[in-house]
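Residue numbers (the working numbering), protein chains in the order written: chain A, 1 to 428; chain B, 1 to 266.
The reader is advised that the hints may include incorrect statements.
Taking lysine to aspartate or glutamate pairs in the EDC-like style, the calculated list, with each CA pair at most 16 Å apart, reads [as the list claims (entries may be wrong)]: (1) A:K136 to B:E150; (2) A:K129 to B:E72; (3) A:K289 to A:D397; (4) A:K368 to A:D25; (5) A:K136 to B:E31; (6) A:K136 to A:E192; (7) A:K180 to A:D208; (8) B:K133 to B:E50; (9) A:K180 to A:D322; (10) A:K7 to A:D322; (11) A:K23 to A:D277; (12) B:K52 to A:D386; (13) A:K23 to A:D322; (14) A:K368 to A:E192; (15) A:K129 to B:D106.
Treat the hints as calculated values from the structure; they're not laboratory data.
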Amino acid sequence: MKTRTIKVDYLARVEGEGALQIKIDGDRLEELHLRIFEPPRFFEALLRGRAFTEAPDITARICGICPVAYQMSSIHAMERLCGVAVDPIMRSMRRLLYCGEWIESHALHIYCLHAPDFLGYESAVHLAKDHPEWVKRGLALKKVGNSLMALLGGREIHPINVRVGGFYRMPSASELRAMKGPLTEALAMAEETALWVAGLPFPDLERDYTFVCLSHPDEYPMNRGRLISNRELDLDVADYETRFREEHLSHSTSLYSRLDGEHYLVGPLARVNLCFDRLSPRARRMAEKIGFAPTCTNPFKSIIARALEVIHVCEESCAIIDGYVPPEAPYHVCNPVAGQGFACTEAPRGILYHRYAVDGEGLIQEAKIVPPTSQNQGVIEADLRDLVRRNLALPDDRLQWLCEQAIRNYDPCISCSTHFLDMKVERS
Amino acid sequence: MSEPAKRPSLAVWKFASCDGCQLSLLDCEDELLAVAGAVDIAHFLEASREVKPGPYDLSLVEGSITTPHDAERIRFVRAQSRFLVTIGACATSGGVQALRNFADVDEYLSIVYAHPEYIQTLATSTPIADHVKVDFELRGCPIDKRQLLEVITAFLHGARPRLPAESVCMSCKRRGNPCIMVLRGEPCLGPLTHEGCGALCPTYNRACYGCFGPKPFPNTGSFTDWCLGRGSLTRPEAVRLFRTFNANAPAFETESRRHEDQNDQS
């Protein structure tokens, strides 16, 4: 039998730069590597010596797609360090800002990055030529998320209005109320989205995953709670590094985050599966309507989990706005304390862990950041191996596209180059 | 034989960056499909797996040069591009990753990576214009999407983009914001910073932190000495203030080094 090699030099429709190499010997998968060659940007090193108050703005620049996630994890870590607990209104405003990012990021991924795969289009622009109404709906939904971020954060990418202790400026009640109309429309579009994605053709793949997410009794996972899994994990975030380790494998130049030495999955599929009962009423009703029930183990159906989460955050955003009373001050004063601060929040793509050591002057001595995509990298490769073995009969171009689609199940954000190592780029 | 009029082709390229500036194009929700109708999106990996061969009429370049491979790749991009426009602080000044320029990159490597020997990196992060000819630079961390549309529109009409090179203070005044420096005595980089955001931070009660980089001929020395004299800034804070997302922009770099040197002497 002939040896065949499939090489994707630049993965498309992912954030950042990655490549995939598959070597097949006859009917045997010989080698499969997902390579991340995002140039290293050294965030953990350049944070040293910076003021603790600078971490939210600096770490936001790790990722232009989910800057709020980086701002939230760093802010929660610093407030934990300073011993400051923000009041409920401020907490809900942060959640609202995060909801904006989830809507924007999920709508972008569903419509522009992922759905075209299921339908056989190269991009959303190609899809729009045949089905403009679908793409327009996706962009309109995305725009509502961006408007929420622009109102609360000042702008959509790298928001300027958040700080350790709260915000620089709180929105007025009328500014927030003005978002109710667009959010109500977004909720309707999100429901149409869920119906639409539920009807996509799903490749056949069921996998035995360890799902990991935050869990809090009162709310859908986002910015507080304990770390749980479907395999008896129940951990305080303070103990994250006792169970989660990043490993540098000898055959690879990438860092893989492992839970007790094993791969695990973070992101929408983990959250919906583990915290289904905390989804909003309309999100749960929709799940029932389209026949989506936990535990879903087909990674391609993460697009449905994402759509259900958009319904949830639209509904929750409306509830937050209804309950809003502007606080007396936009922020709590936070004075630096020497010590360690850590936090985990749910980025659209999954848990994002930050830990900082800060000195008595408030200067950062050490920083550790574990982005969601480095945590999913192990399962992405495992999915691909399984998928390739099952589909060896496919011609190269179809197998390649199927693999790309499987990588995009995780909405990988490779720009999170805090840890993504550059590898020696193979030159051909 | 004459061919039917072709739409100009657009390519988007990424170097060391966060992807935020190219996302700005996808964030033009109301205009995206119109843009896609006016230009032929020939190479835009974040959005499409279809890659058409060059040359390209307009290339938008995001990110800075930080690896030997990228230093080669930008020459290829230039050779394939009729017009090359850099988008964002990374591409126009080196970005936040240019903080390595003030440090020892080997030390950075050993802090972040278990096996530094696997990493290929340059000691510096440099803007695109240090490597190839650039036809227009669009500033900001991130860029402003309205400015991006202005650049694309101007290109389609064969015109220069109409983007003022004034300071943030000018739009701040036009918006009627109370001055942060006057009212609160806080060091606000507005007087030194290139306009483009519409004075966003002061509008949100926050001092400008200079994410659009220096305006032409900023009076950095006078600004910092004034703040130091009033006690609203210490020298280490002054160094950090100029060393964020445009640390390698010459005006900001010179000013931060001036205060670092004086730190060492004191």
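Any hints this thing doesn't respect? Which numbers, in order?
Violated: hints 1, 2, 3, 4, 7, 8, 10, 11, 12, 13, 14 and 15.
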